[in-house]
Amino acid sequence: MAYSKELIDHYEKPRNVGSLDKDSEKVGTGLVGAPACGDVMKLQIKVDDKGIIEDAKFKTFGCGSAIASSSLITEWVKGKNINEANQIKNTEIAKHLALPPVKIHCSVLAEDAIKAAVNDYKKKNRINE
Amino acid sequence: MNPEIKCWNCSNTFKKFSFFCSECNIIQKPLDLDSFKLFNLNYGFSINLKKLEYEYYALQKMLHPDKFINSTEKELLYAQIHSSNLNNAYNTLVNPVSRSNELLKCKGEKNKESETFNDLEVLNEVLDLQEVAENINCQKEKDNLINELNQTIEEDVEKLNNYFIEEQLLNAKKLTVKISYLEKLQKDIKNNVTFTN
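Those sequence lines, one after another, are chains Y and C.
Here the first sequence stands for residues 1 to 129, numbered as in my numbering.
Here the second sequence stands for residues 1 to 197, numbered as in my numbering.
It is possible that part of the hints are untrue.
Label-pair ranges, simulated between beta-carbon atoms [said to hold, decoys possible]:
1) Y:I127 x C:F17: 53 to 61 Å
2) Y:A98 x C:N25: 41 to 49 Å
3) C:N87 x Y:S4: 16 to 24 Å
Covered stretches of chain Y, as calculated for chain C (at least 3 residues, CB under 8 Å) [as the list claims (entries may be wrong)]:
4) 14-22
5) 38-52
6) 71-77
Straight-line Cα separation of at most 30 Å, BS3-like style, residue types lysine-lysine; simulated pairs [what the hints assert, rightly or not]:
7) C:K190 x C:K37
8) Y:K124 x C:K37
9) Y:K13 x C:K190
10) C:K142 x Y:K122
11) Y:K5 x C:K37
12) Y:K115 x C:K184
13) Y:K124 x C:K174
14) C:K190 x Y:K95
15) Y:K13 x C:K37
16) Y:K78 x Y:K123
17) C:K142 x Y:K89
18) Y:K80 x C:K29
19) Y:K57 x C:K37
20) Y:K57 x C:K110
21) Y:K89 x C:K140
22) C:K142 x Y:K95
23) Y:K115 x C:K142
24) Y:K89 x C:K190
25) C:K187 x Y:K123
26) Y:K122 x C:K174
27) C:K37 x Y:K22
28) C:K37 x Y:K89
29) Y:K122 x Y:K5
30) C:K184 x Y:K13
31) C:K37 x Y:K115
32) Y:K13 x C:K110
33) C:K110 x Y:K22
34) C:K142 x Y:K57
35) C:K112 x Y:K95
36) Y:K5 x Y:K50
Read the hints as simulated data drawn from the structure, not as lab findings.
Cβ coordinates follow ideal geometry from the N, Cα and C atoms, glycine included.
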């Protein structure tokens, strides 16, 4: 089974690896895990006053597909409104990276991570749904 | 209530599964049993591993397919299935994580491994340890972390046992996930996977 060019590219040169200040009011942190493969994914977003994501960072311990999924989603959410970012579906990630069926849950994890990050940001800033 | 089981050969009936008929001594049809039932164990986390190992070898000795080479095809097939089931069940019971997951399943609290896990306390602890592992740069640090993980796993398995005794199944579920993470991390460190960063 061969992995796609996009996936390998994100795996070998992951974008936006790192951390943001989790205590900042402007930063939302999402932390999720996939016990089946021992993956842990931390995804952080920095949001400006207008609700636009100006920066995103991630740190993922896991397989190549999990790393590529989180790298890709940090690229996608930058410049987006938090509500838009919340709409990203795992199927879009899976399609873009051509994830094999056994790795679909890695894209689910990335979707759940961004949702958790947006949620954390909203909670910090008392923004209701 | 257990339905009655009937021997396919002599029609003798018995209440509890047995590998051989008590009347005609013929190998019985395999049933779909959980690992505890297969070894005739109570549903509990604490098991005597020495005894289990002994029992496992004793059963495998009686049920090894080679012993049924001159039997009917049906008996040989039954022996093959029993033997394979015993292997799986033994491996499930030996490891604390898989034993716990099996027990949770039997108690109707199956850990859904495909679902996203989001207990922040556990994940933060695992993440911290992964970051420590990532920054290892000598053998001594590696040994120290492996020892530390060993100790944590040991303590957590003890705690897990108490959760099962007290029937705190949700806590047991969470702790099982944590231990599975620690085991994975320990394996990665041993295989130097975490050095590659």
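Hint check results:
no., hint, verdict
1, Y:I127 x C:F17: 53 to 61 Å, "holds, 58 Å"
2, Y:A98 x C:N25: 41 to 49 Å, "violated, 57 Å"
3, C:N87 x Y:S4: 16 to 24 Å, "violated, 37 Å"
4, 14-22, "violated (count 0)"
5, 38-52, "holds (count 3)"
6, 71-77, "violated (count 0)"
7, C:K190 x C:K37, "violated, 35 Å"
8, Y:K124 x C:K37, "violated, 50 Å"
9, Y:K13 x C:K190, "holds, 25 Å"
10, C:K142 x Y:K122, "violated, 40 Å"
11, Y:K5 x C:K37, "violated, 48 Å"
12, Y:K115 x C:K184, "holds, 26 Å"
13, Y:K124 x C:K174, "holds, 26 Å"
14, C:K190 x Y:K95, "violated, 35 Å"
15, Y:K13 x C:K37, "violated, 50 Å"
16, Y:K78 x Y:K123, "holds, 20 Å"
17, C:K142 x Y:K89, "violated, 39 Å"
18, Y:K80 x C:K29, "violated, 61 Å"
19, Y:K57 x C:K37, "violated, 48 Å"
20, Y:K57 x C:K110, "violated, 34 Å"
21, Y:K89 x C:K140, "violated, 44 Å"
22, C:K142 x Y:K95, "violated, 39 Å"
23, Y:K115 x C:K142, "violated, 35 Å"
24, Y:K89 x C:K190, "violated, 36 Å"
25, C:K187 x Y:K123, "violated, 37 Å"
26, Y:K122 x C:K174, "holds, 26 Å"
27, C:K37 x Y:K22, "violated, 48 Å"
28, C:K37 x Y:K89, "violated, 42 Å"
29, Y:K122 x Y:K5, "violated, 36 Å"
30, C:K184 x Y:K13, "holds, 25 Å"
31, C:K37 x Y:K115, "violated, 42 Å"
32, Y:K13 x C:K110, "violated, 38 Å"
33, C:K110 x Y:K22, "violated, 33 Å"
34, C:K142 x Y:K57, "holds, 28 Å"
35, C:K112 x Y:K95, "holds, 25 Å"
36, Y:K5 x Y:K50, "violated, 35 Å"
Violated hints, in rising order: 2, 3, 4, 6, 7, 8, 10, 11, 14, 15, 17, 18, 19, 20, 21, 22, 23, 24, 25, 27, 28, 29, 31, 32, 33, 36; the structure is consistent with all others.
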